Every structure is written in structure tokens, then in C-alpha cells.
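Got chain A sorted already, so can you dock chain B onto it with the hints?
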Amino acid sequence: MSTRRRLFLGLLILLGLAAVVMGVEFGRGFLVRSPEQALADAAPGSVPLYVNGSLAALFTPADLEPLKKASFLDAEESKTQEGWLLADILRLYLPEQALLSDTRVVVSSSSRGKSVELTWLQISEPENMILFSLSGRGTLKLASRLPGFDIRDTWIQDTDRIEVLEP
Amino acid sequence: MKSMRLSGYFSTFQLILLALFSALIVVAKVALRTPLQLPGHSGIFWMAIMLVAVRVVPKRGAPSLVGLTSGLLAGFMGVGDFGMFDTLLSYTAVGLGVDLALLLLPDVENIAQAALVGALGHLGKFLVKWILGVLTQAPVGFIALGLARSLAGYVIFGAIGGVLAALTLAALRRAGFFAYLAEKK
Numbered sequence: 049m050s051t052r053r054r055l056f057l058g059l060l061i062l063l064g065l066a067a068v069v070m071g072v073e074f075g076r077g078f079l080v081r082s083p084e085q086a087l088a089d090a091a092p093g094s095v096p097l098y099v100n101g102s103l104a105a106l107f108t109p110a111d112l113e114p115l116k117k118a119s120f121l122d123a124e125e126s127k128t129q130e131g132w133l134l135a136d137i138l139r140l141y142l143p144e145q146a147l148l149s150d151t152r153v154v155v156s157s158s159s160r161g162k163s164v165e166l167t168w169l170q171i172s173e174p175e176n177m178i179l180f181s182l183s184g185r186g187t188l189k190l191a192s193r194l195p196g197f198d199i200r201d202t203w204i205q206d207t208d209r210i211e212v213l214e215p
Numbered sequence: 007m008k009s010m011r012l013s014g015y016f017s018t019f020q021l022i023l024l025a026l027f028s029a030l031i032v033v034a035k036v037a038l039r040t041p042l043q044l045p046g047h048s049g050i051f052w053m054a055i056m057l058v059a060v061r062v063v064p065k066r067g068a069p070s071l072v073g074l075t076s077g078l079l080a081g082f083m084g085v086g087d088f089g090m091f092d093t094l095l096s097y098t099a100v101g102l103g104v105d106l107a108l109l110l111l112p113d114v115e116n117i118a119q120a121a122l123v124g125a126l127g128h129l130g131k132f133l134v135k136w137i138l139g140v141l142t143q144a145p146v147g148f149i150a151l152g153l154a155r156s157l158a159g160y161v162i163f164g165a166i167g168g169v170l171a172a173l174t175l176a177a178l179r180r181a182g183f184f185a186y187l188a189e190k191k
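The listed protein sequences derive, respectively, from chains A and B. Quick note on numbering: the first sequence equals residues 49 to 215 in the working numbering. Quick note on numbering: the second sequence equals residues 7 to 191 in the working numbering.
Careful, some of the hints might be misleading.
What the hints assert, rightly or not - Beyond 12 Å from chain A on every Cβ pair, some chain B residues (computed): (1) F16; (2) A107; (3) I166.
Stated by the list, open to error - Cβ-Cβ distance ranges computed for the label pairs, FRET-style: (4) B:A154 <-> A:L60: 16 to 24 Å; (5) A:T51 <-> B:A185: 18 to 26 Å; (6) A:T51 <-> B:R66: 40 to 48 Å.
Stated by the list, open to error - Examples of chain B residues lying across from chain A (beta carbon under 7 Å, computed): (7) I22; (8) L109; (9) L110; (10) L111; (11) A118; (12) A125; (13) L126; (14) L157.
Simulated from the structure, these hints should not be mistaken for laboratory data. Given the structure is predicted, the values throughout are model-derived calculations rather than measurements. Note that beta-carbon positions come from the ideal geometry of N, C-alpha and C, so glycine has one too.
So that you can see chain A by itself, here it is in the shape it has in the complex:
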């Protein structure tokens, strides 16, 4: 067999293998993509947003960049807590009609074993400053000035789940 023919066949095998990989991946990504797979394939650090148990959205801190930031001085250590208001994030991903005054929102961290349940009424009150600030290692920390939820011990560091429970 001539060298040219060998090279041609080698190139054909290379392209064939690449086509098989891309074809299978296309099928895997677009035809059989379940919410679990979406979660598994999500970028590291993505936070899933569930509505009544169903996955509604996945976002990373980078996705929140377009939102306007808010800040407050925490009473405990007089440090500025700056980030994105939870109300703005929920408005970004959910229709306004899904957010009623008695809609409950549970924000939790599996690694810290912590969670907090808030109502939309509390979240949407600008004075409460319920916001996600970015920690040094890039995870989201839910902080606020809401009485009873205004010290570090109660805040939710390393948030990895938001659950919206509609009435």
C-alpha cells in the first residue's frame, strides 16, 4: 500500500472516531438530557433553583453579573457585605406571579448542614438586604440585616440549593 493511501486511511479513521464521539455526545446532550444530567453536567459551583421540587434553573455567580449589586454594613463585624439581592435573582428566573407574599423560599448548604426558610415578603423588603455575597473561594453566602438572620452563625455559607415553595 502506498504511503499516500496509508495516510488517507489514517486520516479517515481519525475523522471517523471524532465523528462517532461527537455523534454520541450530541445524542447524550440533546436527546436524553434529564434534569439529573443537567445537574451532573453543570459547571462546578452551580446553584440549582427548584420550584416545588422541580428543577427550574441553574446558575453560577458569573450568571449574576448583569444584576445590580447591593451592600450593607453588618452589625457584628462592621464589614461590608456586597452582592446580589435574592429578590433580584428570583425575579430573574421566575415569573412575577410565582412570587406571592406567602411564597416560601428555603436556602440551604449541604456541606454546612444549614438552611433558612424565608417568605417572599421578607425577601422583597429592600430594608432586609437579603443578598448573596461572594465568598473568597467563589461560593455564595446568604447574608442579611433581617432581625434573627443578621449574624454570621445564621447566614448560609456555601449555598448549594434554593427551593421555592409556592402556596
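Same frame as chain A, now just chain B:
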């Protein structure tokens, strides 16, 4: 028993050479860092060393043995992001891929053939990582970066490694290394 069969097929001198090439692959993987933050960029070193080994010990199975040995070494040294099993399989796959590619493209001193053998061999490593990702449904890092980009990275860097090997082999030939090697056998 297996080592007796191996030493019957390869001479002791050849086995020592293959072990040295295996160690060199692991050392290159650990010590040589390129500023390219692209998937598969280590294939430049990988495939260059592997294809030089193929020509220095021109026997069927030599690249597979180099892949397996370097995989074991790398696995025990904790090289790789996805555990020892993945490391062992992916390193062995490079050797197997080169062995299979050599059936069609045996002349690794020819730059074009060496580039293609390098690309095909390095693709073996990509395929193992990809198949493991598919089977386990695990979020594999390179998939997050874009599968096409990763695939292209593995092929291109493998091919560059092949070209480097062909150039190295030409230099070794000019220096009379292969004549020296023939005397050692």
C-alpha cells in the same frame, strides 16, 4: 510466567529501555509544564517520547508496554484528576492506540505518518476519558470546556508530539544512535 514470556519477546536491554521511556513519560507529565491551558496539551511530550520509544524498540507491543508501565507508575504517583483506574486505562490506551496505528502507518520517521500516529495514539487517551464519562454519567472536566475543543486539542497536540518525535529520530539517526543500538542488541 508473564515476565518470562516478555523477556523472551523483548531482550532485557529492550525492556530496560522501555521502562526508562515509561518513567520519562511520567516525569515529563509531572515536571514539564506548558503555559497552554488547553486540554490535551501534554500530548506534545507524551507522543514524542512514545514514538521515539517505538523506533528505539521496533517490536509490536512495545508502545502498549510503555503505556501500561507508565500508567502503573503514574497511577501509584497519584497523577491524573480522575483516580488511578482512569490514569492506568488512559495511559495504556495511548500505547494500544499507537500499536494499532502502527499497523497502518509503520514509518514513524516519516513526519506525516508520525503526526498521524501521534494524533491517533493520543486520541486513545481522550476516548478512555470520554467513555468513562459516558458510562458513569460523571461531569468530566474537559466536557465542560467543550467537547469539540477538547477533541481537537488532543488530536493537534498528539500530532505535534508525533512531528517532534520524527525530528528527534532524524537527529538520532544523524548522530549514529541507531547504529550504536544495533551493536547493543
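inquiry  = Hint by hint, where does the structure go against what was stated? Just the numbers, ascending.
reply    = 2, 6, 7, 8
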